[in-house]
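For chain Z, the structure is supplied; the task is to place chain X on it using the hints.
One line per chain: the protein sequences are Z and X, in this order.
Take the first sequence: its letters are residues 1 to 245, numbered as in this note's numbering.
Take the second sequence: its letters are residues 1 to 373, numbered as in this note's numbering.
Hints are all accurate, no fakes.
Here are the simulated lysine-lysine pairs, DSS-like style, with alpha carbons at most 27 Å apart: (1) X:96 to Z:233; (2) X:30 to X:69; (3) X:146 to Z:72; (4) X:146 to Z:78; (5) Z:218 to X:99; (6) X:85 to X:96.
Derived from the structure by calculation, the hints contain no laboratory data.
Residue strings, one per chain:
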Amino acid sequence: MKTIIKVQDVRTVFDGRVVHDGLNLSINKGEIYGLLGPSGCGKTTLLREMVMLQKFSGGSIEILGYNLANIKQENAQKLRQDWGVLFQAGALFSSLSVAENIALPLQEYTDLSSEMIEEIVAFKINLVGLQSRDALLYPSQISGGMKKKAALARALAMDPKLLFLDEPTSGLDPISARDFDALILELRSLLGLTIVMVSHDLKSIYDTLDRVAIIDNKKIAYEGTLSEVTSVKSEFIETFFRGVQ
Amino acid sequence: MNVSFLNIQTHGDELSLNFSGEFNLYLITKYQNQIDTFSLSKIKKVSINLNELSFLDTAASLFINNLQKNLQSKNIQTFLECHKKEILDTLDLIKKQKKVLHAIPHAKKVSFIDTIGRETHKNYIGLLSFLSFLGETFFTHARSIKSLKNLRLKEIAFEMNESAIKALGIVCLTSFLIGLVVAYQSAYQLNMYGANIFIVDMLGISMLRELAPLITAIVIAGRSGSAFTAQIGAMKITQELDAMRTMGFDPYLFLVLPRIIALMIAMPILIFVSDIMGVLGGILVANLNLQITPELFIDRFRNVVAAKHFFIGIGKGPFFAFLIASIGIYRGLMVQDDTQSIGFNTTKSVVESIFAVIVCDAIFSIAFTNLGI
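Next comes chain X alone, as it looks inside the complex:
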């Protein structure tokens, strides 16, 4: 193996740089420093000798090219000596590339205020696009309602099974546990005052009116809303949505409406089941901890819990379902052509739909209280 080095010699006003061995990118800094030790003030001529060089890589060619340019700009003549065709070719390539080379532009620095403005604008556009999604949904709905044949009954049934019936197990279990926990926590407090029997009032009203709809909505948002986003997002990435459009199948009619309608029908049913399971949990705790027999519990339940609480709870179902389904689907349609976007939008869909459900519930709460219901 030959050793690589740079030999620098001066004869009066002439400087000669003799490269030998290999010249690659690891040696550039070393050679640069070596050259820098010579003062160029008296030099009129520089000869670059590459005859002893066995290999020159592109980075090193760039270095030599820059060196030549640099010297020329200081009015120093340069001579290049080289016999090897490969090395001359490499240098030639660099020279050619340099002519058409454009420096890579630097990304502009964005100021903090600029970022705030951009984010605000993005959110504003996001809101507008959600509104346009709702508009298109309603428009499709209005068009399809002209004849019931247009409604995709098969798809609706399929979606009801997928997103609601199959969720029955988890809804039952969570509601039962919530009923159990709420009753258990209050049993101790009520027992201190000897007010054991009021567990029925407390549990009945809170469960039927607020807890069951909320728990169901949260479970469905996490389970089915996210599934909507992922399914539709994946369909968008594989161009299935484009294929549908070109075949004249309106995705709103085929994918959006069936899911929204299915969930709006199924949600009240799920809430009803959740009511039953929650109260069942309460009955169990009341029986074990407060010595209230199931007969007594149900008897009192009939007397103190008005039917309106039940209907209010059930009535919230379609509203929650609409929010969950439309946000889930909207997020799915927002998926871009990359895989990260599915994860991002699925997360967003769950967070936004749970938030929307809670806001909606708060509005209902205020409205019903003010209406005296």
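In isolation and in its complexed conformation, chain Z is listed as follows:
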């Protein structure tokens, strides 16, 4: 198995408050990897550090062979085209319609004809389970679940190798949440994606994740498959997974 994300000794400090102190984890190609932990433990922070939205104070993060600590402008730009990010609230561009949102990276980064782009957009909209008539609506006109789907379609627009999801099922009703899980599994097998997600949804965690990292007390409390997770003594693991056993 090939490691495509390697986090080593990452340290994060906010105004003197230590959030991470020596985090280590590695994510392999093709797996669905979960970042779990109590709220405030810095899951989303770690995700933001991985996608270069936030700087870390020490250690190194290596993604697809690039070290983020001293990455060059051009490489960073190349990397950004190789991943897709789904934000918690979707973060669709409010001035563009759903279709335009999805088409934007294609227009900016490729020299595809507008017909081709239209076709790709229609395919992606279909793939994530949106109706084609929704494509012309603006983000303010669609529901939260549709926003998530549209944002996923946008994240998938460039056929990335790597997908980052920040709480993909939060704010969705249970049926949509299960649909979303099924969609993620299907996409992984269809497109061979590697998916990194932050989640709190137990059902979704058990249904989709291959491996997890549990962040507790500024460090990784556990990294590995879910079946052995309870072997580790941690207050968070005990309370979080108690209901399952």
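Okay, now just chain X, sitting in the frame of chain Z:
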């Protein structure tokens, strides 16, 4: 309904507290006072009887817990009698919580001098971050200038329409009214000296050189500068800026530069229109109040108002535009993840950009005078 009361009895060195009915937080003070009336100096044993109690809330449990502790610290033995499971559970919960409870720390009092220091430091950091914003803007500019294809012409055109062309109406109206008012006020004074014709010199120079650029800048700062802050601030809150960054779209290239360039191009045009409207207002007043015909006004205008005044006024445009746009956008980027922050930064953006425009105008004034222009 059963009545709640506390019955206190003494037998020699033993004190018994018999609670009955409900014990909730409204009764704590009353019971405390009741207990305080007894002198504890001779007491060796206290029994707390909760058998008659039908309900105990958490505040009251805390009270009983504290009471026990208090008595124990005075070397008085305490006994608790209770049969009800719910009440014992509540007491148990309190006992457990007490073990892990940490008192909430008090916010530190900040002295006046400390506040001054902190505010000064904050402003200093603010200035530095504005400079770093300007630096990044120039850097992006330098990078994008390598090929003109990188400049977002469509966005620039869109922003010119949004922030300048659509402001044409209000700029026209304000300049016209200012021209009218200035001419009207001076008409009366000039008339006293029979110097009616000098209204042309006065209005022409003041309007072209100072008033039109300033009025335009103030209108645009209030209208478009604030819009920049609110738009970009809202985009920051909804994580649109983060989304752009992760997709590799540099917000400086997509949002910052087009707005600055658009406003720098459009501002001189707006000032030109403002010139026309201001002078038009003057012509109207001169015609009605001072019996100077429009022909005469324009004839004299050509003779006495040198072209340099016009060019100085227009030349200030791009500078004012740069200040307004960069402050507006900078303030938008400073918005934090809460809704109040948009309002705060929008206000700041308007106030700061108008202030910056006036300071800039003052510098121009001194410089041009010293240069003899």
